Structure formats: structure tokens, C-alpha cells
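Novice: So the sequence lines, in the order shown, correspond to chains A and B.
Mapping to our numbering: the first sequence position 69 is 69, numbers consecutive.
Mapping to our numbering: the second sequence position 185 is 185, numbers consecutive.
Note that these hints are calculated values from the structure, not bench results.
A quick note: this is a predicted structure, and the numbers were derived from the prediction, not measured.
Watch out, some of these pointers could steer you wrong.
Claimed, not checked - Under the rule of at most 25 Å between Cα atoms (straight-line distance), these lysine-lysine pairs were calculated in the BS3-like manner:
| hint | chain 1 | residue 1 | chain 2 | residue 2 |
| --- | --- | --- | --- | --- |
| 1 | B | 260 | A | 217 |
| 2 | A | 270 | B | 789 |
| 3 | A | 400 | B | 259 |
| 4 | B | 357 | B | 308 |
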Amino acid sequence: MNNRVEFTLEMKKTHKILIPNMLPIHFKMFEDILKSEGYDVELLTSTHPQIVDEGVKNVHNDTCYPALLVIGQMIDALKSGKYDLDHVALIITQTGGGCRASNYIHLLRKALANNNMEQIPVISLNFAGLEKNEGFQLSPKILVKLVYTVLYGDMIMWISNQCLPYEKHLGDTKSMIEKWQKEICRQLHSTQFLHCTRNYQKMLKDFSSIERIHEKKPKVGIVGEIYMKYSPLGNNNLEKFLLEEGAEPVVSGLLDFVLYCAENMILDYKLYFMNYFTMTLAKLAKSYLIHHQRKMIRAIEKNKVFTNMSDFNTVKEMANGYISKGVKMGEGWLLTSEIMDLIHLGVNNIICTQPFGCLPNHIVAKGMMRKIKDHYPQSNIVAIDYDPSASHINQENRIKLMLSNATQSI
Amino acid sequence: MTLRLGLDVGSTTIKAVVLDENDCLLYKSYERHKSFVREMAYQKICELENILQGHVIQVSISGSAGHGIAAMTHLDLIQEVFATTKAVRHYNPESDVVIELGGEDAKIIFLKGALEERMNSTCAGGTGAFIDQMASLLNVSLEEMDELSLKHDKLYPIASRCGVFAKTDIQPLINQGADKANIAASIFQAVVDQTITTLAQGRRIEGKVLFLGGPLTFNKGLRERFKVTLKLDDKDALCPDLSPYSVALGASLFAGSQKKTYSYEKLKQLLKKCSEANVVNAHSEPLFKNDKEYLEFKNRHYQANIQKRNLKNYTDKAYLGIDAGSTTTKIVLLSEDDQILFSNYSSNHGNPIDVVKEQLNMIYQINPTVNIASSAVTGYGEDLIQKGFHIDHGLVETMAHYTAARHFNPNVDFIIDIGGQDMKCFKIKDGRIDDIILNEACSSGCGSFLETFANSLGYDIEQFAQLGLASQHPVDLGSRCTVFMNSSVKEAQKNGASVEDISAGLARSVVKNALYKVIRIHDVSELGTNIVVQGGTFLNDTVLRSFEQELNCEVIRPSIAGLMGAYGAALYAKENENKTSTLLTLAQLKQFSHHSVATNCQGCTNHCNLTINTFEDGVKCIAGNKCEKPVTGKKFNSDIFNVYQYKLTQLYEYANKSKPSSKGRIGLPLVLNMFENLPFWHTFFTELGYEVVLSNKSSKALYNSGQHTIPSDTVCYPAKIFHGHILSLLEKNVEAVFYPALTYNFDEGLSDNCYNCPVVAYYPENIAANIDFHNTAFYYPYLSLNNQKAFEIKFFEYFKKQGIHFKMKEIHEAAEKAYHEYDCFKSKIKNYAAQAIDYANQHHCPMICLAGRPYHIDEEINHGISNLLSNLGCVVLSEDSLCDDTLKEKRQVLNQWTYHARLYQAAEKVSQMDHCELIQLVSFGCGLDSITSDEIKSILKEKGKYYTQIKIDEIDNLGAAKIRIRSLLLAMKEGGNHE
């Protein structure tokens with residue numbers, strides 16, 4: 001057993017950290033959080049097909065698709081010759097749940113070893129105290145910045161999706177997204193980002209100023225395994241595809257997932273009397289986050305232009321009667337809740353994205369569909385599996401079927 | 001007049017219909033397009049000149065290959081299932097459910113109640129294509145197969161998950177000589193089962209059912225199977241004349257609602273442009289840059305040639321080698337100087353016995369006095385052929401291939417053999433087979449896949465391979481399983497890829513599949529420096545070239561690549577010559593005849609399907625058996641220790657410990673982690689005063705009974721069989737069924753965390769959401785057994801909410817006993833295992849640790865592998881019986897699941913024991929094992945042990961497992977502990 005290479009204090013000065021991409025809007029800003037804290041970082045934005053090839057070569061072929069992509073993307077970058085392999089580090093999230101995802105980091109290390117790159121330190125980004133690195137610690141400052149950035153990202157994603165399908169001048173929304181990404185990144189280097197209410201107001205005002213046509217388009221909700229739900233690399237640019245097909249994508253924010261994780265820590269105590277201390281911390285975190293989420297929701301409400309999102313406490317109760325909150329692996333009960341929330345928001349057309357063979361989704365997604373369909377006959381849900389060689393045409397064909405029905409019911 | 005044209009361009013066929021303004025059908029056609037998608041569409045328009053010329057035309061296009069045409073021509077596109085719905089609503093409004101099978105898609109539409117349209121997921125591809133494949137496997141035409149199926153008298157269980165699996169089940173049936181009529185009907189039944197599990201997903205198919213699409217229209221036998229399975233009357237099973245045209249009809253109806261119109265000339269011009277457009281697929285290297293390269297390649301491979309000698313005048317001793325493979329039988333007659341006197345490579349056509357008989361006759365005909373001094377047989381059909389023809393030796397395939405490869409290169413360190421059905425790779429170290437890699441059932445379909453693909457495009461395999469060599473831009477088709485490749489080919493066809501490029505692309509996929517999925521190399525140098533490639537598939541130069549290109553090195557392909565197994569067997573026969581050979585003589589051969597009977601074994605409740613071959617001299621060969629009972633009268637070798645059997649017997653004992661009670665009957669399904677926790681729950685509920693009722697033993701029939709309630713068809717078999725167990729409990733009229741949701745397992749102190757896998761932990765949610773319990777209660781509380789106090793309180797609270805009031809005191813007392821019983825049970829198993837190890841050491845028996853999950857002891861799930869091992873003389877241990885909590889070591893992975901931690905422990909323990917090896921049992925679809933298997937492999941390899949993995953699923957066939965196990969035992973015998 002070789003020892004793990006720690007990311008030392010020294011390395012903070014000498015190493016560049018590579019970040020895999022998941023949510024294009026959010027992660028661009030996460031990059032700046034770390035930069036503002038003195039790290040040298042780079043977000044990997046590559047999408048070429050060699051990523052999948054590297055993934056297939058380096059990860060066991062039954063491992064889920066997100067692992068394959070994330071690891072493929074990193075190995076591909078390391079092999080590109082762009083980086084000095086003795087002065088580069090990687091970062092990857094680790095949830096610590098009962099799903100395979102907690103093991104991505106180990107699969108990544110194995111892949112590095114197989115490519116004779118074991119000197120490269122891999123930082124685990126986790127909130128479960130799994131692995132520690134002297135040179136990389138989630139200081140309270142970073143955490144606060146993270147929370148605000150997640151919220152800004154959620155806001156931009158939520159309202160821009162309501163502009164993109166309707167913009168009169170192609171590209172308006174995109175430039176607005178970029179403008180605000182830049183703005184938030186700038187603010188992260190001072191304390192300006194803390195003025196969230198003011199930022200929300202400005203953001204809303206800016207986005208409402210985008211000229212839009214008045215046309216009724218079918219709304220399509222995207223739920224699913226977190227990576228497949230958000231990452232264009234994973235879901236073959238699903239949001240773009242929906243836009244091209246004349247639909248409005250509805251994608252809920254990242255904060256709900258963070259809150260879901262906190263909620264599970266509370267439930268662990270409630271159900272099994274486990275980890276009293278973690279539970280109290282989670283409770284604190286949860287109320288702090290919900291407080292901030294409400295600020296955002298109030299801002300959207302006041303602005304009156306955009307459809308609002310549900311707050312976490314509403315979403316949480318949505319799946320009652322369908323699935324128990326004890327289901328906490330992967331996206332767990334949150335996925336079912338999100339489907340129900342969408343239906344209640346009037347978004348009956350839903351795509352559930354998942355890696356082929358995703359274990360929790362056998363239950364929380366496919367397992368619940370029968371019951372949901374029985375109770376809500378108007379719901380129009382399609383589950384799409386993603387894997388290294390699933391053909392686009394197969395996926396698109398199924399989405400098109402869902403869209404045909406969606407368009408018809410308008 | 002305005003005419004409406006509907007085009008349905010599917011994966012294999014093109015359908016066209018023309019309607020006039022009064023919905024009157026003017027034209028319809030149905031043809032195979034052989035992947036000339038755009039050309040055929042254009043040609044169709046040309047053909048329709050007489051009908052369309054001079055009219056205003058509305059047109060829309062549909063079908064999986066239609067998307068590309070629509071994109072290029074800007075004709076309106078209609079999604080095919082949507083089109084079907086439209087057509088059905090118009091022509092057959094009385095239907096309740098529509099089942100449509102196409103070339104590669106299966107669709108179901110529920111029209112009454114909430115509209116639901118579903119297509120098969122990407123996993124369970126091919127239905128029409130699958131039936132085509134199966135027909136060619138049986139060597140009959142589609143019509144013949146249909147007719148045959150109507151004459152069946154029994155059905156065999158055939159895995160219905162996807163085509164590749166089904167094929168693995170069918171192949172042995174063919175080899176065993178089962179009646180084709182029965183196989184044909186079983187194939188149709190598999191299609192039916194597949195449709196029900198993957199598409200109905202819990203919704204009942206009832207009322208008037210409309211059958212659409214080519215396969216259902218043309219195969220009466222298939223409709224029969226649907227009717228019987230769905231219990232439909234003749235009046236409720238509709239198959240209208242227009243069935244194969246429904247999508248095209250829907251498209252033309254849809255065209256009527258669109259604004260765009262075309263003149264005939266305009267339309268023709270559009271499609272002409274489309275057919276001529278040059279679509280370039282992503283750039284990829286050609287197989288050969290120029291003719292010179294090609295010639296060099298040809299010449300180099302010509303060198304690995306084996307000389308032939310004339311059999312007619314040969315008088316010395318000759319040696320016979322037979323390789324009875326899954327699809328083909330290979331025969332070699334060897335001379336004293338290792339040259340070939342006679343060879344034959346022929347397709348089994350469903351009956352290897354006839355092939356061998358015919359070829360032996362041929363040998364005797366050429367040289368009636370030939371002295372065959374020794375003979376050997378290898379391959380799937382080894383048993384059958386050896387018994388039938390009294391062959392002297394039988395040997396494991398791996399050994400046969402190594403023997404042959406060594407002949408070409410004594411220093412060979414890597415052999416890869418891609419045959420019709422399976423792929424075998426061996427690493428050789430110090431003259432011994434060091435590592436064996438076989439393809440899992442799921443990535444199989446190597447050679448025969450290429451062949452059937454070629455056929456479906458209208459070529460034979462030689463032509464197809466030849467075409468591939470000329471490819472300039474081989475298409476990238478991905479590399480997962482063959483079903484996925486079908487879809488990728490579809491996509492390439494959509495983009496207008498040529499047959500040359502598809503052929504080369506498929507060859508590359510086969511190679512990539514072998515290298516990255518089966519062998520899983522990271523680096524080319526891992527394969528060694530002396531590589532021999534063999535197997536019929538490598539005779540295909542396109543595959544050979546792709547392999548060399550991918551590895552960027554030169555390999556040896558013997559000219560007899562397809563005969564290597566037989567050649568090796570012949571060499572083996574020569575090396576192991578007995579005084580006299582037992583092989584049938586010419587005279588005996590003339591008398592030779594055999595007949596086969598299909599029957600069910602009455603030995604136990606499994607009722608395995610047996611095929612009994614009886615030969616002229618009275619020798620019987622039984623095939624299809626899972627245990628030795630029909631052969632020896634004993635179910636398994638009970639003289640030898642077998643922890644799996646012991647555990648299973650001990651668990652079933654609990655059924656006898658239940659006491660009738662007035663308090664009520666509570667049902668426990670014996671599935672997933674109940675195989676571990678039954679001692680706990682049984683004791684607990686008995687102590688609380690309930691009569692505990694266990695579900696029936698697992699069987700295929702039990703599985704089928706619950707099949708229609710399974711919401712996700714790609715989950716593992718141990719989970720899917722859960723549904724059947726619940727139904728069996730409901731039939732027993734229990735008042736309640738109990739199966740707790742356990743996020744956390746027992747913390748055995750072996751791991752970083754103690755989770756259950758998501759499926760084991762939460763499957764009761766799926767049961768609750770998808771099975772109708774009527775008046776029976778289903779209790780699935782979220783509990784943790786780790787903390788007894790918490791367990792007691794939560795149990796109390798949960799049942800209080802359900803209106804059942806226990807006293808805390810009685811819960812506590814029952815829990816005390818339950819925890820105690822659980823511990824006792826565990827130590828009982830460990831004691832038994834300790835005895836087993838002592839016994840093995842005293843008697844020098846090989847020991848095998850079957851490392852899986854607790855539920856793998858279920859014989860329906862492990863398909864009798866533990867008994868097979870017993871019969872081969874092995875002491876069988878289980879992973880939990882070897883756990884030793886003094887051995888906690890830091891793993892290279894996050895060790896977070898209790899059951900999986902045991903696997904690592906067992907691997908550590910095995911590596912410290914002599915004469916003991918480990919076989920990991922992996923259920924198909926178990927994502928967690930993708931993490932554990934690599935880790936276990938590295939633990940074992942570090943200590944110089946072999947790593948063997950057996951993937952198990954619904955497939956009721958131990959063929960591949962047998963090869964693995966026998967190869968492993970051989971390696972153990974040869975090498976002892978081979979460090």
C-alpha cells in the first residue's frame with residue numbers, strides 16, 4: 001500500500017490545481033474563489049472525444065459514466081503536455097455516502113499510478129472529514145464564498161433558462177450570463193459579493209431587460225444523477241438540444257443538493273441515533289443556507305418577471321407518500337422530490353438523466369415512475385441512460401418522443 | 001389533388017405509403033435497405049413517379065434512420081412512436097395497448113387511461129435483428145423458424161435481458177442437440193418476456209392488444225407466445241394487415257396536418273441531393289495507407305504457415321484433435337512430424353455430433369487404414385463428443401490453445417483467441433498459464449456478431465472483411481456491447497457511412513472491446529512481446545490489421561488460426577498417447593447413431609431441463625444438468641465440505657423452527673441480505689409471538705411470476721427475483737410481509753464505513769411502489785442493527801405508527817435473543833469452515849473460496865457453482881467464513897461497505913493459505929463490484945495468487961464458468977502455489 005501524496009503547504013505556492021467541470025456557470029466562479037485565496041487553479045473545459053477514450057482505458061468499464069468522464073478529462077489534460085507534471089495537483093469531490101461516487105478519488109489515484117503519475121497529489125473536497133490536506137483546507141472564508149457563489153450560480157442558471165428560449169436577439173442571454181459571471185468573479189476578490197440582495201436585484205433587472213418574444217414553448221424539467229443532470233460533457237449538451245428543439249429547460253439549483261446532504265446528516269441521527277455532533281452542525285448549516293435561499297426567492301418574487309423556484313422545505317416534503325427520506329444514497333429522495341416539485345410547478349415534461357446502471361436510480365427514479373404516473377397521468381417522464389458508447393441518436397429519439405407529446409399538450 | 005406521402009426509414013427496412021385526400025391508400029411498400037439509406041429513399045421517390053407526378057405532395061418522414069434524411073432535406077420529421085400512436089388512433093381506435101417490434105426497437109403504447117409510450121432502453125436492444133440472428137444461429141430461414149415454433153412441445157428458459165444473453169443460453173441448447181422447434185418457440189418466448197420486463201414496467205398489458213411492426217406481422221409463432229403469456233383471446237389480439245406500415249401511415253397522416261407542400265420534381269431533387277451528399281465521419285486512419293503496406297502485411301502473415309501432408313498415402317501414426325466449440329467444430333489430424341493430414345472447420349448447424357461423425361467418415365474414406373494412435377477433444381461440446389466417440393482424452397480449452405501457440409512461438413507470452421462466441425486471453429509466465437481472461441457473457445458475441453452483422457447487410461463474412469480492408473475512414477462505433485454497436489451503426493448509417501467504413505469500424509470495435517473491456521490494458525507493453533493471435537475471427541484480415549494498428553506492434557497469426565484448439569488437442573493427444581486408442585473404429589463408426597430426448601429432471605424442485613443423448617452402444621450423455629444427481633444419483637458430493645451448501649441448509653432449517661401462532665403470520669422474503677439476517681429476524685419475530693413464514697425457494701418460475709412488476713430491467717438478478725418472492729408470500733396469505741430498509745449494515749470493524757449497497761438497502765421501496773399488496777401489510781422500517789438500543793426504540797416507534805403496540809420490554813427480550821442467534825449462526829459457519837480447512841489440508845484437496853455476497857448462496861442465483869466445485873473435488877469456502885478481524889488493513893479504495901470489506905478480508909486470508917484460490921462471484925449490473933474486483937485482484941496478485949471472476953445473471957448456463965474453474969484447477973495442480 002503506497003501512501004497517499006498529500007497536498008502540502010509548500011505546494012500551494014508551487015502547484016497548479018486542475019478542477020473538473022460540472023456546472024459551467026457555477027464552476028467558472030468557483031475557480032475564482034480559489035484564486036482569490038491564493039491558489040493557482042485551472043478549470044478543465046475540454047470536451048473532445050479523447051476524454052471518453054482515456055476514461056475507457058483508465059477506469060473499470062462497469063464504473064459509472066461520471067467517474068469515467070471526470071477521470072478521463074483529468075488524465076487527458078495531464079497527458080496533453082500543457083502542464084508540468086511535478087507541479088500540478090488535482091481536486092475531486094467525495095461525498096462519503098453509500099454510493100460508488102465516494103470512491104472516484106481512489107479510482108483516480110489508480111489511474112494516475114497506471115500512468116506513472118503517482119507523484120500528483122489529489123485533493124479530496126469533502127464535508128465528511130474523509131481526507132485532509134495541510135495545504136488545502138476549507139477555511140470559513142472559502143466556505144462562505146462557496147455558499148454565495150452556489151446561490152449566484154443557481155440564480156443565473158434559473159433565470160437565464162427562462163430567457164434563452166425566448167430571446168429576440170440571439171446571444172443576448174449568453175452575454176448577460178458572461179457579464180454576471182465576470183462581475184461575481186470580480187467581487188469574490190473583495191467583500192462585495194456579500195451584498196447579495198443588491199446583486200440579485202441588479203441581476204434580475206439585467207436579465208429582465210433582455211428582449212423576449214411571447215411564444216408558448218413546452219417546459220422540460222431536467223432531473224437526475226448530479227453529474228449527468230448538469231454537465232454538458234455528460235449529457236451531450238442536453239440543455240442546448242432542448243433549446244434547439246424549441247423547449248424551455250427547467251433546471252433546479254445546486255443548493256438543494258447541498259441542503260439534501262445536510263438534511264441526511266440530521267436524519268442519520270433521527271433514524272439511527274448516529275453522530276449527534278454532525279447533526280447539530282448540519283442543523284446550523286441548514287438554517288443558514290435556507291435563510292439565504294429565501295433571500296434569493298424573495299428577490300425573484302419582488303421582481304415579478306420570472307417564474308420562481310420552490311424553497312428547499314417545500315421540495316423536501318414533495319416526495320412524501322412516494323419514497324422515504326431514509327433513502328440517502330446518490331441523489332436519494334431528492335430526485336423523487338424534484339420530479340414531484342416540477343409536476344407541481346406545472347412542468348409535466350421531465351427528463352431523468354442517469355449513468356447506465358446507476359444503482360440508486362433503479363429505486364429513486366425508475367422505481368417511482370409507475371406510482372407517479374398513476375397519480376399524475378399528465379406527467380410525461382422519460383429516463384435516459386448515458387454511457388461511453390450509448391448513441392446520441394437513441395437518446396435524442398427518446399427525448400423527441402417525449403417532446404412530441406409535450407408540444408401536443410400545449 | 002393533394003397526396004400525402006409517409007416514409008418510415010428504420011434501422012433495417014424502408015417503408016413508404018401514399019394516401020389521397022380521402023385517406024384512401026394508393027401505395028405501400030416494405031423493403032430492406034441494406035444500409036443504403038439515402039439512396040433507397042431517393043430510389044423510392046423515383047419509383048413513385050407514376051403516382052405522385054403532377055400532384056401537390058405533402059410529405060413527412062419518420063424512423064430511426066429517417067432523422068438524418070429529414071435534417072438534410074428539411075422535410076418534416078415525426079418521431080416514430082408518435083407516428084404509430086397517430087396511425088392507431090385513426091385506424092384502430094378500439095385498441096387498448098399497442099406492442100410494436102421493429103428491427104432494433106421495441107415499443108409499447110398504452111392508449112386507454114393515461115397515455116404512455118415507451119421505447120426499449122439502450123440496453124435491451126434488438127428484437128427484429130435479434131430474431132434474425134437467432135434464425136441464422138439455428139440455420140433456418142425466418143419462415144422456417146416461425147413454423148418450427150408452432151410445433152414445440154416444451155419451452156426452455158432463455159435469459160430475456162438482451163440478445164447477447166439469450167444467445168449464450170441458446171448456444172448450449174443447440175450443442176446439446178435440443179429440438180429446434182422447442183428452441184424456436186423459446187426464442188420467441190424470450191422476446192415476449194423481454195418486452196414485458198423492459199417495457200411494461202409494472203403496468204399490466206390487458207384489453208385489446210394491437211401487434212405492429214415486421215417481426216410481429218410475419219411471425220405467427222411470436223404472436224402466439226404473446227397471446228399465451230398475456231392470456232389474450234383471439235378477438236383481443238389484433239394484427240391488422242397494415243401492421244408493418246403503421247409508422248409510415250402515421251407519418252402520412254401527420255404530413256396532412258403540415259403546411260409545407262412539394263411538387264414531385266422538387267421532392268425528387270431534394271432527395272437526389274441528399275443521396276449524393278458526401279458525409280464525412282470523424283476522421284480516422286485508413287487500415288492501409290497504400291498497396292505496399294497491404295502487401296507487406298499479407299506477406300508477413302503468410303510466414304506463419306503450417307504445411308499440409310497427403311493423408312491418402314500416410315502410413316505412420318496419426319493423432320486426432322477435436323475442438324467442439326460453441327458455434328463451430330474444428331478437427332485436425334496430425335502427422336508424426338506435426339503437419340496437417342486433414343483439417344475441417346465447419347459450423348455446427350445445431351448439431352456437433354453429426355459434424356464429427358461426418359468428418360471422421362471422411363478421414364476413413366480418404367485413408368481407410370489410417371492408424372489414429374491417440375485422440376483428444378476440447379471445447380464446450382467436450383463431454384458429449386468424448387462420450388459419443390470414445391475419445392481418449394478431454395482437455396480444457398485453455399490448455400489446448402496454449403499447447404498450439406507454443407508450437408508457433410516457444411516464447412509466447414500472450415495469447416488472444418477470439419472465436420465465434422467467446423474471447424479467451426492467456427498470459428504465459430515461465431511456461432505456465434499465469435492469467436486467464438475470458439469475456440463476460442455481456443461482452444461476448446465477437447465473431448458470430450460480425451458474421452450476423454455482415455449477413456444482415458446482405459454480405460457474407462469474407463466479402464464483408466475484404467470490403468473493410470479498403471476502408472478509408474473506418475467509423476467509430478464505440479466499444480461496449482454488441483447491442484450498443486447496433487445503435488452506433490444505425491447512427492453511422494444515418495450519416496451515410498459506406499459499407500467499407502462500417503466493416504472496418506466494426507472490426508476496430510471488436511478489437512477495442514477485447515483490449516479495453518475484456519483484457520483492460522492500460523499500456524500496450526502489458527501484453528508482452530510475443531503475441532499469438534488466433535481464433536476464427538482473426539482470419540478476418542480487417543480484424544487482424546485493426547489489432548496490430550491499435551497495439552502498434554506485429555503479432556503472429558498462424559494460418560490455422562481458426563483450428564488452434566483442435567491443433568493443440570492433437571498435439572496433446574500425441575504427447576499423451578496410450579497403448580491403444582479407444583476411439584471408434586471405422587466399423588464402429590458405421591454402426592454409430594444417436595438420438596436425443598429433452599426432458600425435465602425429477603431429481604429436485606429445480607426441474608432442470610435436460611437433454612439426454614443416447615448413443616448406439618447404450619452410452620448416455622446428459623446435458624443441461626446443474627448438479628450430478630441425474631448422473632450419479634447424488635445431488636452433490638456430500639463427502640466434501642461445502643460452506644455454501646452448509647449455510648443454505650442451515651438457513652432453510654429455520655422454516656421448521658416457526659411455530660403456529662394466534663398472533664399472526666408474518667412473511668420474510670429470503671432475498672438479498674435476508675440470507676445474512678434471517679437468523680436474527682426469524683428469532684426476533686418468533687420471540688415476539690408471530691408465526692414466521694418464509695418465501696418459496698428461488699427458481700426461474702418464481703422469478704417469472706414477478707417479472708411484470710420490475711421497474712428497472714438493468715438492476716441485478718438478486719434484486720429482480722425479490723418480486724417473485726413477495727408474490728409467493730402473498731399467495732401464502734400472510735398478514736404482513738417484513739423486510740427492513742437497512743442503510744447501514746453491521747459494523748464488523750473491518751471497514752471505514754458499514755453501508756449496504758444502495759440496492760440492498762432500499763429495494764423495499766421499489767417493492768412497495770410497484771407491487772399491489774391488497775390487504776396484506778408491507779412493513780419496511782428504516783433501522784440500524786448496529787446500535788441495539790436505537791434499534792429497539794425505532795422498531796417500537798415504527799410499529800406504533802402502524803397501530804401495533806409492542807412493549808419495550810418484549811422488544812428488548814426478543815432483540816437479545818435475536819442478536820445472540822445471529823452471533824451463534826455466524827460462529828457455526830466459521831467453525832464449519834475451520835473444519836473444512838482442516839479436512840482439506842489433511843486430504844490435500846484444493847480449496848476454493850467463492851467470494852460473493854450472502855445472497856449468492858442462493859442456487860438460482862449462483863446456478864449451482866458451489867456444487868460444481870464440490871463435484872470437481874474442491875472444498876468450498878465462503879467469503880464470510882474466512883473473515884478475520886485481526887486483519888484490518890488500509891485499502892487503496894474507500895472501504896465503505898460491510899459485505900465488500902469481507903471480500904478484501906477473504907482475499908487477504910486466501911493469499912496466506914496453501915492450495916487455496918479465490919473465485920469472485922459478480923452479479924451482472926453490480927456497480928460496486930467494479931470497484932471491489934480491481935482491489936481484490938491486486939491483493940491476490942501481490943501474493944502470487946490467481947484472480948478468477950465469474951459473472952452471473954439470469955443465464956442458466958455454466959459453460960464459461962466450467963472452463964474457468966477447470967483452467968484454474970489445472971493451474972493449481974500444475975503450479976501449486978505458483979509464486
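Novice: All the hints need checking, so say for each whether the structure fits it.
Specialist: Evaluation of the provided hints:
Restraint check for residue 260 of chain B and residue 217 of chain A: satisfied, since their Cα atoms lie roughly 21 Å apart, inside the 25 Å limit. Restraint check: the Cα-Cα separation between residue 270 of chain A and residue 789 of chain B comes to about 13 Å, which is no more than 25 Å; the hinted pair holds. Proposed proximity of residue 400 of chain A and residue 259 of chain B is supported: the alpha carbons are some 21 Å apart, at most 25 Å. For the given pair, residue 357 of chain B sits about 22 Å from residue 308 of chain B by alpha-carbon distance, which is consistent with the 25 Å threshold.
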